[in-house]
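> When you get a sec, could you build the whole thing from the sequences and use the hints?
Chains as they are written, first to last, in my numbering: chain A, 6 to 121; chain B, 24 to 137.
Calculated from the structure, these hints are not laboratory results.
A quick note: this is a predicted structure, and the numbers were derived from the prediction, not measured.
Just so you know, even glycine gets a beta-carbon here, dropped at the ideal spot from N, CA and C.
Please note that the accuracy of each hint is not assured.
[Said to hold, decoys possible] Derived, one-sided and incomplete: chain A residues facing chain B with beta-carbon distance under 8 Å:
{"#": "1", "residue": "F40"}
{"#": "2", "residue": "G48"}
{"#": "3", "residue": "Y55"}
{"#": "4", "residue": "Y69"}
{"#": "5", "residue": "D91"}
{"#": "6", "residue": "A93"}
{"#": "7", "residue": "R100"}
[Stated by the list, open to error] Taking lysine-lysine pairs in the DSSO-like style, the calculated list, with each CA pair at most 27 Å apart, reads:
{"#": "8", "chain 1": "A", "residue 1": "K21", "chain 2": "B", "residue 2": "K106"}
{"#": "9", "chain 1": "B", "residue 1": "K80", "chain 2": "B", "residue 2": "K32"}
{"#": "10", "chain 1": "A", "residue 1": "K116", "chain 2": "A", "residue 2": "K78"}
{"#": "11", "chain 1": "B", "residue 1": "K80", "chain 2": "B", "residue 2": "K94"}
{"#": "12", "chain 1": "B", "residue 1": "K94", "chain 2": "B", "residue 2": "K37"}
{"#": "13", "chain 1": "A", "residue 1": "K8", "chain 2": "B", "residue 2": "K80"}
{"#": "14", "chain 1": "A", "residue 1": "K78", "chain 2": "A", "residue 2": "K108"}
{"#": "15", "chain 1": "A", "residue 1": "K75", "chain 2": "A", "residue 2": "K116"}
{"#": "16", "chain 1": "B", "residue 1": "K80", "chain 2": "A", "residue 2": "K108"}
{"#": "17", "chain 1": "A", "residue 1": "K116", "chain 2": "A", "residue 2": "K21"}
{"#": "18", "chain 1": "B", "residue 1": "K37", "chain 2": "A", "residue 2": "K108"}
{"#": "19", "chain 1": "A", "residue 1": "K108", "chain 2": "B", "residue 2": "K106"}
{"#": "20", "chain 1": "A", "residue 1": "K75", "chain 2": "A", "residue 2": "K108"}
{"#": "21", "chain 1": "B", "residue 1": "K106", "chain 2": "B", "residue 2": "K80"}
{"#": "22", "chain 1": "B", "residue 1": "K93", "chain 2": "A", "residue 2": "K108"}
{"#": "23", "chain 1": "B", "residue 1": "K32", "chain 2": "A", "residue 2": "K116"}
{"#": "24", "chain 1": "B", "residue 1": "K37", "chain 2": "B", "residue 2": "K80"}
{"#": "25", "chain 1": "B", "residue 1": "K32", "chain 2": "B", "residue 2": "K93"}
{"#": "26", "chain 1": "A", "residue 1": "K108", "chain 2": "A", "residue 2": "K8"}
{"#": "27", "chain 1": "A", "residue 1": "K8", "chain 2": "A", "residue 2": "K116"}
{"#": "28", "chain 1": "B", "residue 1": "K106", "chain 2": "B", "residue 2": "K37"}
{"#": "29", "chain 1": "A", "residue 1": "K8", "chain 2": "B", "residue 2": "K106"}
{"#": "30", "chain 1": "A", "residue 1": "K108", "chain 2": "A", "residue 2": "K21"}
{"#": "31", "chain 1": "A", "residue 1": "K75", "chain 2": "A", "residue 2": "K8"}
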Amino acid sequence: AQKITQTQPGMFVQEKEAVTLDCTYDTSDQSYGLFWYKQPSSGEMIFLIYQGSYDEQNATEGRYSLNFQKARKSANLVISASQLGDSAMYFCAMREFSGGYQKVTFGTGTKLQVIP
Amino acid sequence: DGGITQSPKYLFRKEGQNVTLSCEQNLNHDAMYWYRQDPGQGLRLIYYSQIVNDFQKGDIAEGYSVSREKKESFPLTVTSAQKNPTAFYLCASSRLQGVASEQYFGPGTRLTVT
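Here it is, written out as structure tokens:
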């Protein structure tokens, strides 16, 4: 079974509009962390936002917010006021403990294109 | 400046040759990771390490080997047993402070095997 599922291979959004990128996860751990990364065409991975499984409030970082619904096991990324520079691949990831080790698993990503 | 370096950025090899990809970090992070990324795909975990001289297989370890002789270094060898080695390889590191530590990534190495 997939640990991290991103069901949107590609998304389009008009500049200055908000967009939601979906992420669902699967784990039996009580303690885990959820992350979103951005990968521009240059290939570098840029950390955007983090949500802990015990955090009661949704995480926010500037124009990024994470819509965390623990019961549904979803951690959607919301980008407000989209900019042309937001065009990139976006990956959801989960850190959990596996056999005494911390393991980080990534989803397959969503390609976001911002239209002028 | 602290960070992760991977070298070289582009690497070309003939089929049947082993090749070693370098990864060095000066962030004093305990954990290091190797991922493989194919075009239009996500990151798949090859190996990870939390401490010197100890490492664990990830989801696609077959055909790869690693070593962790120093905290700062985590080289990946792509062996001739790896059937489809052409890919983009990313190295990452992180602190070990519960589940909250984000990963820091290197710039990646694009390996082409012909």
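> Name the hints, by number, that the structure is in violation of.
Of the numbered hints, 4, 5, 6, 8, 12, 18, 30 do not hold.
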